[in-house]
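Going by the numbering used here, the first residue of the sequence shown is number 4, and it counts up by one from there.
Heads up, some of the hints might be wrong.
[To be verified] The calculated label-pair distances, taken between Cβ atoms and stated as ranges, are: (1) T100 x E123: 22 to 28 Å; (2) R16 x V118: 38 to 44 Å; (3) P19 x V46: 39 to 45 Å.
It is worth saying that the hints were derived from the structure and are not from the lab. Ideal Cβ placement from N, Cα and C applies to all residues, glycine included.
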Amino acid sequence: MPLHHSPLKPARRPRPPFYLGAMSERALRRVAERGDGWLPLVVVPSYVDVDGLVNQRAAIELWAREAGRDPSAIDAVLRVNIDAGTSTQQVADTIKTVHERTGIDHFMVDSMYAVHSVDESLAVATELIALVDKG
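Make the full structure from the sequences, and use the hints.
Dropping the structure here:
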């Protein structure tokens, strides 16, 4: 491995943010009461429950208010796993639908099960960005 220099970044105060994956009521309450962000999940096309995401986000917002927190301060990053054989158009359509219905605007796309190489993964990412940008 070649030598590498990475200058230290300024420390986040009071601490780095932490995001919690959550689907159950108890876990969603933890997000609402203590988390800086929520990490929901969809798997395209086998598990896409937009109504469930809307309801989970509403529950987080309610419980955050009950805990004296500002719900808008709780970010969300949706993990999008792609099933093998799924078209990038279907993934892009799912991302757009989730964004429109939930307001989530950060997505982490995992193509591990859909591609076989780094080059294929980069090609999927490039195509997805273009399709989502196209609207």
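We went through each hint and held it up to the structure:
no., hint, in the structure
1, T100 x E123: 22 to 28 Å, "holds (25 Å)"
2, R16 x V118: 38 to 44 Å, "holds (39 Å)"
3, P19 x V46: 39 to 45 Å, "violated (28 Å)"
In summary, the one numbered hint that this structure violates is 3.
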